[in-house]
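K.L.:
Since each chain comes alone in its own frame, lean on the hints to assemble the complex.
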Amino acid sequence: MKRLSWFNATSLAFGFAFLYIPMLILVIYSFNSSKLVTVWAGFSTKWYVELAGNEAFLEAAWVTIKVAVISSTLATVLGTMAAYAMVRGGRFFGRTLFSGMVYAPLVMPEVITGLSLLLLFIGIGMDRGVMTIVLAHTILTMCYVSVVVSSRLVSFDRSLEEAALDLGCTPFDAFRSVTLPIIAPAVIAGWLLAFTLSLDDLVIASFVSGPSSTTLPIKIFSSVRLGVSPEINALSTIMIGIVTIGVIVASLVTKRSVAMRAKQERDAE
Amino acid sequence: MTDNLEFTPWADPSQKPLIRFENVTKKFGDFTAIDNLTLDIYEKEFFALLGPSGCGKTTLMRLLGGFEQVTSGTITIAGQDMANIPPNKRAVNMMFQSYALFPHLTVAANIAFGLKRDDLSAADIDARVDEMLTLVQLKQYAKRKPHQLSGGQRQRVALARSLAKAPKLLLLDEPLGALDKKLRTETQFELMDIQEKTGTTFVIVTHDQEEAMTVASRVAVMNHGVMIQVDTPDRIYENPSSSYVADFIGDVNLINGTARVVDGVVTMSWAEGQPKLSAKSALDFAADAACILAIRPEKVNISSTKPGSAHNVVRGKILDIAYLGNISTYHVQIADGTIIKAQSANNRRLARRPFTWEDKVYLSWTDTAGVVLAE
Ligand SMILES: Nc1ncnc2c1ncn2[C@@H]1O[C@H](COP(=O)(O)OP(=O)(O)OP(=O)(O)O)[C@@H](O)[C@H]1O
Ligand SMILES: [Mg+2]
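Residue numbers (our numbering), protein chains in the order written: chain A, 1 to 269; chain B, 1 to 375.
The shape of chain B in the complex, shown without the other chains (with noise of 0.2 Å):
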């Protein structure tokens, strides 16, 4: 979204959040599913989660949602402390990721349904069901059972049923996830569309990185029931806080070494006898620390001779290439052993690849081109 680039309430102290963790855990037994998380989320946000399966983004979901209570800390919705708030006295929907049509209603009463629990008439509700049915592309299946629809038909019923009330925060457990491409980049921008049209606040799970990068205004990168980083979808990409976010959204090749600062430059040793690399970092590291360096295969530049300019240049071999169409993916095994992948755009035919098998190049890259982190 353009219009994200003002967007930016989390920077600006005087604005107050829509949702506020703070300090929540919740536990299931002995099992800490989340763990003391403390999280605001602004108003007409579209806030991804992303982690690995198991790391709590359900949870969380279920817990503003309201059918989980924490077993220690708060959640605020617009100022209001939500424990003991049960689910339907929150102006909150969510699109569980089981989806959890009623089977024995047409797909059109399924999307009604939440409609005729408010004072609404008759031709409203028809409007409005049918207004939700074109944007899904269901029209001519609104009097299908739920188990007569495909499973990416039943998943956009479900979203269709969390659209239909206008909530003021919307809870997609992901929402696109068994849908085609193409269908599924059309949905995105469609919820984009409906976020700019009735500012909703989204909330959306998804183990899609692009589909995060794509619709988000922030993206959080949890694991284990913690928030390792929320940040905006181009810092999260260009500075990961960790490896692990690094290693989770997107490729990312990662160099160990010891680092020196200098002047706010990191000046790395990671191998014998090796030129020094160097990279910006906002950390302070004490001499001889131990950290990693980040960098983004597309960043890599592969060449057969030297590169002149004082860039980061390492020697290495070709393991193996990667031919992808558009571009080429080079697996570089440099002096430490590590392997480092470099892509490059094919805008030569294939016959005339400049590298082959077992050649030995030069990679480099610019001194801001990688991030500098501490594990």
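Here chain A stands alone, though its shape is the one from the complex (with noise of 0.2 Å):
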């Protein structure tokens, strides 16, 4: 590998530095053992057990975790038929319209998006809960999934599903036993990526949230409103722990499959 030229390596650090030193911080203040968010007194990990018995706190968390998952697989599930329409579709009624309006959550405002979702709710006369989140959430990431696979099934061999055909598979079944294997490792990105989304987003969850189902960043945003805690710092390393493992993964998965995918290419020519 190349080494950096000392101009190189200090714009790295700084950009770096600028980037996790807050949660760098966040993190270390999470094991102090003093109340006072600002003055070290000795490393502890009694706010980890605190946090263990808060149940506002764990409530909080249980919800952000049921909705994360049943969003992410909703929008995985969606966003992929999506993705496999507009790709595969040809150029059917309204597809300019479709491709459009699958993007939009992309570009619009979480502001616009949660406030437009809550007039929907209140105007069809549904209670705001822990479905309402997962409708939202589900909306939100669909389209990430969506961007994600799309661009896996733009370089997908088309005749490897006409093969397929060939040897007497219904389309579905195609789709099932040729399209999805090899499309797998994206689509397991997109889902890891809708997952982590759902799990920080804090907008558009507070506009559709009802009384009894508080997410986490809900719950600190608002305790923090009271004052910072070192029990909100722990848990908030605690978020900062999955949502990095759930990126790492992700972009290993995708880096796997993009290596495998230029080295078959490579033994095909």
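Keep in mind the hints are simulated off the structure, nothing from the lab. Wrong hints could be hidden among the right ones.
Just so you have them, the derived chain A footprint on chain B, three or more residues with Cβ under 8 Å [unchecked claim]:
1. 79-92
2. 112-125
The list that follows gives simulated cross-link-like pairs (lysine to aspartate or glutamate, DMTMM-like), each with its CA atoms no further than 25 Å apart [as the list claims (entries may be wrong)]:
3. K145/B with E162/A
4. K145/B with D157/A
5. K143/B with D173/A
6. K299/B with D247/B
7. K219/A with E55/A
8. K89/B with D40/B
9. K139/B with D126/B
10. K116/B with D173/A
11. K27/B with E162/A
12. K219/A with E59/A
13. K143/B with D157/A
14. K139/B with D118/B
15. K116/B with E162/A
16. K89/B with D173/A
17. K197/B with E43/B
C-beta atoms are modelled at their ideal positions from N, C-alpha and C, and glycine is treated no differently.
P.N.:
Okay, here's the thing in structure tokens:
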């Protein structure tokens, strides 16, 4: 590997510092034994222990995970279907409109998405709770899944599906036994992306959540307004850990499949 | 194939074709890939498609496989109209030009893929896969993935996969292109063997005329989406219907001239002050109509003295000699400037070669050796 010049090395150091020092401080202070957030008084894991006994936080964590798993799964199914329709459907009626609509949440300010969903749920008389957050997150994250999956589908060799049909598969069978296993890494990466997005969404969730369904980000945000407690630091540290693992796994899965594909294409020459 | 001599269903009007193209046209946007094509292919035929790249061979196969829909016209297979019949409902298997092997499955699983869609027991499937692997000599590679194989091995897997289901109609798009000569010849004979045993109808695309000549019951020469000539290999070679076909199949000399027909024999003037050439032709020519004499290099005799008998005789000068081991090809320039290739067997040692560059020689051939064509 090439060695970095001193200029590149310094910019890299500054970049990393800028991005990660705030988080690092948070992580360090989560192990602080003092109740005062800004004064270091020695190492301790007592805030983690205390957190484990905090019913309200645990309840919120459970809601968050539930929402994230269900919504990212729904978003993966719908997003994959949408990607397939757009890449394979040819020029069906309303294609441009459809693809525009699918990607709209990607660029739409979250406040607007949240507000419009809130109005919708009130309009149709739906009680706000876990269900509404799941729906909102599905809508938000589906477009990310569909971007990831369709970029894989574009480079997918169509004749593989044709060969499956030729050998007696129905179109659904061909999708299940040929297309899906091959695009699986992209689908998994999409799911992980959707999962992490749902996990840390605050804005939309705060619009569509009800009194019985507080997610962790909402809980953290509202307790911080009453003053930062070391318990929050501990909780945030755990969340950072989960999200980091999610992102790393997603990128590893994608990287591995890209490398595999590159190898296969090289071998195919 | 020796029994091809009797196998001529196309000549028998009572025979029903297995595949029938009727005025089939296929357009991609403005581009016409198949142009008003009418063609019958009979059961148990080994039908070879030849033609330059981009002439529509793969498109024709894809129409048969059900991956493309005709723009107009009808395709029937075994009497059934194929419009709106999806690929998985056709008793047709295709070997793709790009192989289309499933990258996530092993060689054995690729071959078993189609068998698993039929109602077969696991033991039957294994036995069949084994049989196919033996056939294509890939037994020790059964557990590999396609990307761990060489190009020729991949081609053989694709071939085995398409053969596994023993379909009524098998479409092979350049099935042997990546194989070395020995393996290719072996596989050709295997294919002919399979065909004889199972009675499968084969439609095969190939760029190798020798292959087409070896395996095919009939050969079709295509260009720009049109069938130029469909005939048995020997007739395609000996009686091409146009100079395009003559030129496409094998090596040929073409001499331009004008025709006069007397008693079914064409007398052709081709250069001022030169003796006329004569040849048989099925065609009738108006007096002094333009024509082309096509004659194969191996049928042109070369000699230093004028041959006695009443042959077509032309004088010329040797420009070039290509020594190919068993034969030599002489490039001889004749009166109108055309260069004629003449081949002769090297039954003497090189040192005693009778001719050399710049020699004046006589070229001669019988009047049944060439064909006179209109264009
Ligand atoms: N899906 C398509 N859209 C537009 N044009 C196409 C399409 N498929 C084929 N063609 C065109 O139709 C023509 C015939 O293609 P085809 O693949 O049948 O050629 P081929 O005879 O098999 O050539 P080769 O010997 O190179 O395989 C080509 O000019 C090609 O560009
Ligand atoms: Mg082709």
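K.L.:
Need the list of violated hint numbers for this structure, in ascending order.
P.N.:
none
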